[in-house]
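Go by the hints and put chain B onto chain A.
Going down the list, the protein sequences come from chains A and B.
If you're matching positions, the first sequence starts at 430 in our numbering and goes up one per residue.
If you're matching positions, the second sequence starts at -7 in our numbering and goes up one per residue.
Heads up, a few of these hints could be off.
To be verified - Per label pair, the in silico range of CB-to-CB distance:
1. B:L22 <-> A:L483: 26 to 36 Å
2. B:A25 <-> A:P501: 44 to 54 Å
3. B:L16 <-> A:D454: 26 to 36 Å
Keep in mind that the hints were calculated from the coordinates and are not lab data.
Here a beta-carbon is modelled for each residue, glycine too, at the ideal position from N, C-alpha and C.
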Amino acid sequence: MTEVLLQVENLRKSYGDNVVLDDIDLTVAKHDVICLIGSSGSGKSTLLRCLNLLEQVDDGVISFGGREITDPRIDPRAVRREIGMVFQAYNLFPHLSVLANCTLAPVRAGGVGRRDAEDRARTLLARFGLADKASVHPDQLSGGQQQRVALVRALCTEPKLLLLDEITAALDPELVGEVLEIVRAEAEAGMTMILATHEMAFARDVATSVCFLHQGRILEQGPPAQIFTAPREERTRAFLQRVL
Amino acid sequence: MSSSDLTWEPSPREQERRAVRRALRRRRGLLAAVVTVTVFVALGLVVTSSEGWDQFKALFLSWHHAKEAFPAIAKGFWINIKMFVVGEILILVVGVLVAVTRNTVTPWLTPLRIVAVIYTDVFRGLPTLLVVFVICIGVPALRIEGIPTNVTVLGTFALVLCYGAYVAEVIRAGIDSIHPSQIASAEALGLGRAQTTRYVVLPQAIRRVMPPLLNDFVSLQKDTSLVASVGVFESLFAAQDYGNYNFNYTPLLVSGLFFLALTIPLARLTDWLGRRALIRERGR
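Chain A extracted, bound-state conformation (with noise of 0.2 Å):
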């Protein structure tokens, strides 16, 4: 095991009397690539918010580089400017260009110079096929196109780790492969990531680790050649049966 970015210990989120997580427990390496399972509802996404401080959590501890960041006296937004996010439904500015989608956080919140962070976001966006999108609005791209530009926009701010929430689910299937593309390479490279997914291929072939979340708990976790294969779990097991 090399250095561990992210721990996550005990961890409970409720909202009200709905228990979302409870008794979470994760350790993420630098380099792993987590790909979380489980149907709609397994508190896959209100995980990922919670470790980006989107969401206070009810209990447990989340440290991130070493840093216990569940504190209540740690800026959020510091936390934030290191850890990437991209979501389902893209999220992108509709009133800004791509390439100021791609700009407005280094530049705003990451004090890096304008230029420089125009740089980065057009080598970024010719990387992944968008090198003419720079200029155009968001709404006028595909489905594809949108969730790639979201994705450049989260690796301009360079981030130590990228969450990923279904970021497929929205898009027709013959869109899927471009975005995911861009994930396998960034894995590839070396980013370490933790993405909720239903693309069961994808994870088999990229996790370093999959986690299968049931009713908000982590029931079952392991290299995805064992969870794909022989889950321990039944649950696990009726779940995959399911999908695949």
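Below, chain B without anything else, positioned relative to chain A:
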């Protein structure tokens, strides 16, 4: 999961965090209180220690004159209330109709669209007082049969004309802010254009523009006083009248309190309605 619900106790770390959050909250609350008190006490001191404070008190804060003028102002305020209750309903109707007309696409309605554009351009641009004068004095002078000559009615009509134009633009902004995908999905369900506007676009648009809409209505409530200029004895006029006879301006402030007593609860009510709708939609 229910078993763990019952057994769950916040861990020591969580309790510690809650204590820290409480302390942070307390510190923010304390800071807010100190800043607020300091600022307001300082302002109060500046005003009350000024040279003319006693004179000001006699002229504007006389309990005796407040009591004396109260009945006339209250009676006048009833006129203000009638004007803006009727006015607000009509303005909303005019505003919605004009806004919707401007957004139609049928070639048949082109003349109406032109009228709507000219109407908003003209009545937004004219000073309200001018419109009140022209309508309240000019219209009766025409001596057309069947047209009311009551200045309160005509004054309300003038206000509806002016504010209808403002409100139409506010509502149009709301309509334009609804994402095209909403219209597409309504039309995909087989709704016609009018139905789409009525059941999908307008409800969302109106809610979105509630704050500026309220702005215009509060502004209207105050502008009902403009009819004083054509001799309607509404509350501000009554207050001014009393002041001119008794050389004391306390009644003006009394009249002001009447207006505030109405607009502040209205603002809180719309805030509350908006928040409730938001909570219902987002689930938390």
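Here's how the hints hold up against the structure:
no.	hint	in the structure
1	B:L22 <-> A:L483: 26 to 36 Å	holds, 28 Å
2	B:A25 <-> A:P501: 44 to 54 Å	violated, 21 Å
3	B:L16 <-> A:D454: 26 to 36 Å	holds, 28 Å
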